[in-house]
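Q: Chain by chain, the residues:
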Amino acid sequence: MIKDTIKIAEEFSRYPAGRFDTDGPYSGEKFRREFLVPAMQEKKKICIDLDGVRGYGSSFLEEAFGGLVRVGFSAEDIFSLMTFHSSDPSLVIEIRDYIEHA
Amino acid sequence: MSTPDSTTNLSAYAPIVTWLIVIIGWLVVNNQNNNRESRKELRTRIDCLRNQIEGVEAQAIKYHTSVHDENLGLKIKLSIERIANDVNILGISLSNNFSFLVFQFRKSITLNNFDSHEHTILNADNELIQNIASAIQSLTIEIEKAYGNKYHVPWYKKLRNKD
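First to last, the protein sequences are chains A and B. All you need for the working numbering is the position in the first sequence, starting with 1, plus 5. All you need for the working numbering is the position in the second sequence, starting with 1, plus 23.
No lab work stands behind these hints, which were simulated from the structure alone. Do not rely on the hints blindly, as some may be mistaken.
Unchecked claim - Here are the simulated distance ranges between beta carbons: (1) A:GLN46 <-> B:ASN74: 43 to 51 Å; (2) A:LYS49 <-> B:ASN146: 40 to 48 Å; (3) A:GLU39 <-> B:ASP109: 31 to 39 Å; (4) A:GLN46 <-> B:SER118: 33 to 41 Å; (5) A:THR88 <-> B:ASN111: 17 to 25 Å; (6) A:ASP56 <-> B:GLU93: 21 to 29 Å; (7) B:ASN58 <-> A:ARG19: 40 to 48 Å; (8) B:ILE144 <-> A:GLN46: 38 to 46 Å; (9) A:ASP56 <-> B:LEU50: 39 to 47 Å.
No residue lacks a Cβ here, since even glycine has one placed at the ideal position from N, Cα and C.
Next comes chain B alone, as it looks inside the complex:
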């Protein structure tokens, strides 16, 4: 049972508690807003990267299914280099496998029938073209997986992973 004195003491703390709740609430909301903005920013960068990758795919198919075009070959190599660099500064932790997938991506396009005086015009159903599509698919899946792991993991799983 509370005495008149203890009631007076508790009421003295009431404004402090109120302010604490307000400050904590503000911190939580601010943190959530920041996270939402970071997520949107990263999503935009990933979408841009995916567009670049799809652009390279279209260029590579054109390169291999048309007569030799040195300028297009150079453009493709530059784009691949840009993608490899952009991926490294994306701000998501990628698996160790990721550099291997970038290598497979480059290899699928530029190992055979590339920068060669014996350039052959390939059919769209050629194995090389299929391999390009497959390498690109693996790469984009890995990027989406890394994004998903950063933002779509339930909080209790994140805590478990920290342990």
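Just chain A, same shape as in the assembly:
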């Protein structure tokens, strides 16, 4: 069952890194496949909590969130279903930018 909030640090990893599965065990591709795509397919409204992670790489963020558009979800659908929470506003701006320009 998909929760209302996905806390990346608790449910995925405090050390997410890399774009593809070949780049490491906690890649953006894996996060997208295991958390984001199922939520989008269920059309469930979710909040992605970005706090608690020991630093994000843009390659992870781009593949996880920008990759959603490349696998067939529209930016409008993503924004209507997903909200982002972070104490660092630049992370939310970055994710939105990757979704808009994927």
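Given chain A, work out where chain B should sit, using these hints.
A: Then chain B, alone, in the frame of chain A:
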């Protein structure tokens, strides 16, 4: 023309006026001292932040121009996160553009050739390295601009901005 009575009345107020001048003078000087100390404190914090940013720049150049080093990559991500947080609690009003510049800073270092099994050793004149320098320059200029706007604006312009 003052009568003897009115002169007596005025002289009765003289000590009060003197004390008022002393108190107002003390308040002005105290306020100026506090402002000077706050300015020095903020300058120190900004200098420290700039050192951190320059440190990340050096680490990022080393990361991209050497063989893949996972620990260095992790250090860079942590430092970027720390800088983003420090900037948010700096105590100066930053423009809306500022979060965008932090994003560009992170992106310039960690979007390509980062945390990748296909890590390539880049030349120092590679476009990616140039982009890092450019993103860092934009970020530091914005911080200095915000500092300048807080302390180096003439008082009459501050009053005009309040209107």
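Q: Each of the hints needs a verdict: does it hold here or not?
A: Against the structure, the hints come out as follows:
Roughly 47 Å separates the CB atoms of GLN46 of chain A and ASN74 of chain B, a value that falls within the hinted 43 to 51 Å. Taking the beta carbon of each, LYS49 of chain A and ASN146 of chain B are about 47 Å apart, inside 40 to 48 Å as hinted. Roughly 33 Å separates the CB atoms of GLU39 of chain A and ASP109 of chain B, a value that falls within the hinted 31 to 39 Å. One distance hint, 33 to 41 Å for the beta-carbon pair GLN46 of chain A and SER118 of chain B, holds here, with the actual separation near 39 Å.
Hint check: THR88 of chain A to ASN111 of chain B, Cβ distance near 20 Å, so the stated range 17 to 25 Å holds. Distance hint check: the CB atoms of ASP56 of chain A and GLU93 of chain B are about 23 Å apart, consistent with the given range 21 to 29 Å. In this structure, ASN58 of chain B and ARG19 of chain A meet the distance hint of 40 to 48 Å, their C-beta atoms being roughly 42 Å apart. The hinted range of 38 to 46 Å is satisfied by ILE144 of chain B and GLN46 of chain A, whose Cβ atoms lie roughly 41 Å apart.
The beta-carbon spacing between ASP56 of chain A and LEU50 of chain B, approximately 43 Å, falls within the hinted interval of 39 to 47 Å.
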